[in-house]
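K.L.:
In case you want the letters, here they are:
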Amino acid sequence: MSEQATVPARRHRWRTVDIVVASVLGVTFGVLFAVWNNVVYATVSAPLSGSPAQPVIAGVWLIPAVVGGLVIRKAGAALYTEVIAATVSMFFGSAWGMSVFMSGVWQGLGAELVFALLLYRRWGLVAAVLAGGGAGLAMGVYEVVVYVSTYAADWKLVYVLSAVATGLVLAGGLGWLLVRALARTGALAPFAAGRAQSEI
Amino acid sequence: MTLLQTHLSTDPAAPLARRNPVAKLAAALLPSLVLLVSVDPVSSGLLLAAWLVSVPAWGVGWPGLLRRLWPLGLALVMVALGNAVFTDRKGGATLLEAGPLLLTAESLATGLTAGLRVAAIALPGVLAILTIDPVDLADALVQHLRVPARFAYGSLAAFRLAPLLAAEWEVLGRARRARGLGGDRNPARALAVLGGRLFALLVGAVRRGTQLAVAMDARGFAASAHRTSARRQTFTRADVALIAGSVLLTALAVTTAVATGAWSPLLS
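First to last, the sequence lines map onto chains A and B. The opening residue of the first sequence carries number 27 in this note's numbering; numbering runs sequentially from there. The opening residue of the second sequence carries number 113 in this note's numbering; numbering runs sequentially from there.
None of these hints come from the bench; they were simulated from the model. Note that the coordinates shown come from a computational prediction; the quantities given were computed from them, not determined experimentally. Heads up, a few of these hints could be off.
[What the hints assert, rightly or not] Subject to a maximum C-alpha distance of 25 Å in a straight line, what follows is the list of computed DMTMM-like cross-link-like pairs (lysine to aspartate or glutamate):
id, chain 1, residue 1, chain 2, residue 2
1, A, Lys182, B, Asp200
2, B, Lys202, B, Glu218
3, A, Lys182, B, Glu209
4, B, Lys202, A, Asp180
5, A, Lys182, B, Asp248
[Stated by the list, open to error] Here are the in silico distance ranges between beta carbons for each label pair:
id, chain 1, residue 1, chain 2, residue 2, range
6, B, Phe311, A, Leu145, 28 to 36 Å
7, B, Lys202, A, Gly150, 33 to 41 Å
8, B, Ala353, A, Ala178, 29 to 37 Å
9, B, Val247, A, Leu187, 18 to 26 Å
10, A, Leu183, B, Asp245, 16 to 24 Å
11, A, Ile83, B, Thr340, 42 to 50 Å
12, B, Val259, A, Leu145, 22 to 30 Å
Idealized CB from N, CA, C, for every residue including glycine.
Required output: the full structure, derived from the provided sequences and hints.
P.N.:
Given below as structure tokens:
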């Protein structure tokens with residue numbers, strides 16, 4: 027019984043396995059981002075940068091925030107995972123330097139804020155999609171300030187809206203599918219996300 | 113395809129490369145943050161020029177730096193073009209008109225300013241990161257910024273898995289190849305195989321992370337109340353000077369921009 031009584035108090039404390047797995051998720055996505063940067067980026071992303079179509083595929087950058095939040099289910103997990111992913115891709119040869127880090131912080135905060143507004147109690151598809159949208163909104167606003175700062179106002183709006191759309195679909199939807207598939211492999215056994223799956 | 117680019121060789125004894133990682137990050141972050149406020153060619157141009165001049169002091173060779181930065185260069189051109197096309201400042205002589213596409217002298221200048229600013233925002237961080245060792249960074253974050261040690265070293269432990277992940281990526285590719293997968297000309301099938309390979313990498317990484325956490329806990333990772341550090345990071349006067357220099361340069365660039373009337377805040 028004493029075990030159960032301590033559960034609520036410890037709900038927000040990060041266990042070692044939370045820290046390490048959130049970090050590992052961040053590192054894995056960071057490595058994939060590095061591959062993207064070094065292989066795909068120059069042919070796919072770079073030619074689009076500076077155009078209103080740029081955010082459409084940029085939703086890929088937001089997936090770690092959603093996946094980190096859904097897997098770890100702790101305050102700060104979305105922000106932490108996204109920042110680790112950004113930092114790792116920075117160390118493995120991103121040409122963008124610390125603007126990657128700043129992007130990671132804003133994008134993570136966007137998703138984190140949504141999970142916080144849901145009181146860290148909702149981890150389903152709706153929460154995932156909303157968190158993806160929050161991250162997309164944060165990304166859109168930040169990139170309007172940095173990359174397309176001299177756009178006409180209505181084009182800035184188009185840019186932000188397409189960032190939100192890609193966040194909802196690519197980060198939210200795809201991120202949720204990814205976590206569900208991860209849970210089905212049994213790899214998430216130490217987490218609530220893995221247990222919720224096995225009950226069904 | 114290989115997963116990770118080989119590390120760019122830098123001279124660790126160069127005067128700025130030897131500085132404390134936290135000092136480097138602070139010095140690089142400051143101009144990038146200040147430049148977010150305004151879009152003007154004067155502050156961006158001055159700061160970009162100052163940081164370009166500092167490149168040899170970081171111990172980074174120009175050929176290596178250019179090889180690393182060419183995607184940024186390509187993106188900068190596109191950022192400049194995009195801003196020139198989608199801006200509403202279309203005064204001056206018309207340079208190009210094709211349907212809805214309109215480029216004028218003023219819009220081109222606007223686009224170039226936007227590109228210059230992105231370059232000035234990115235460069236300081238590139239130089240700082242190229243010369244920072246992740247282990248030093250984790251030590252410095254814990255010792256100088258009081259970042260919780262569990263998080264700093266937990267993420268460092270995960271970072272050490274990156275080469276393993278790269279090796280695993282190769283193994284997964286060969287295993288799929290041996291089963292006749294992955295050689296497709298059909299892009300849809302190739303994408304499906306790639307997706308499976310990525311997912312397998314992620315599952316393997318999570319499993320490895322779980323085992324790593326158990327191993328770390330078994331060695332008292334979370335339990336230690338009084339943690340001592342094996343590697344001391346020093347924060348010297350030279351580190352303070354680096355940050356002060358960055359503050360001074362940034363202030364100088366902003367003052368010049370305001371004095372010449374070029375300073376134009378985004379929110380005004």
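K.L.:
Hints broken by the structure, by number, lowest first?
P.N.:
Violated hints (numbers, rising): 5, 7, 8, 9, 10; every other hint is consistent with the structure.
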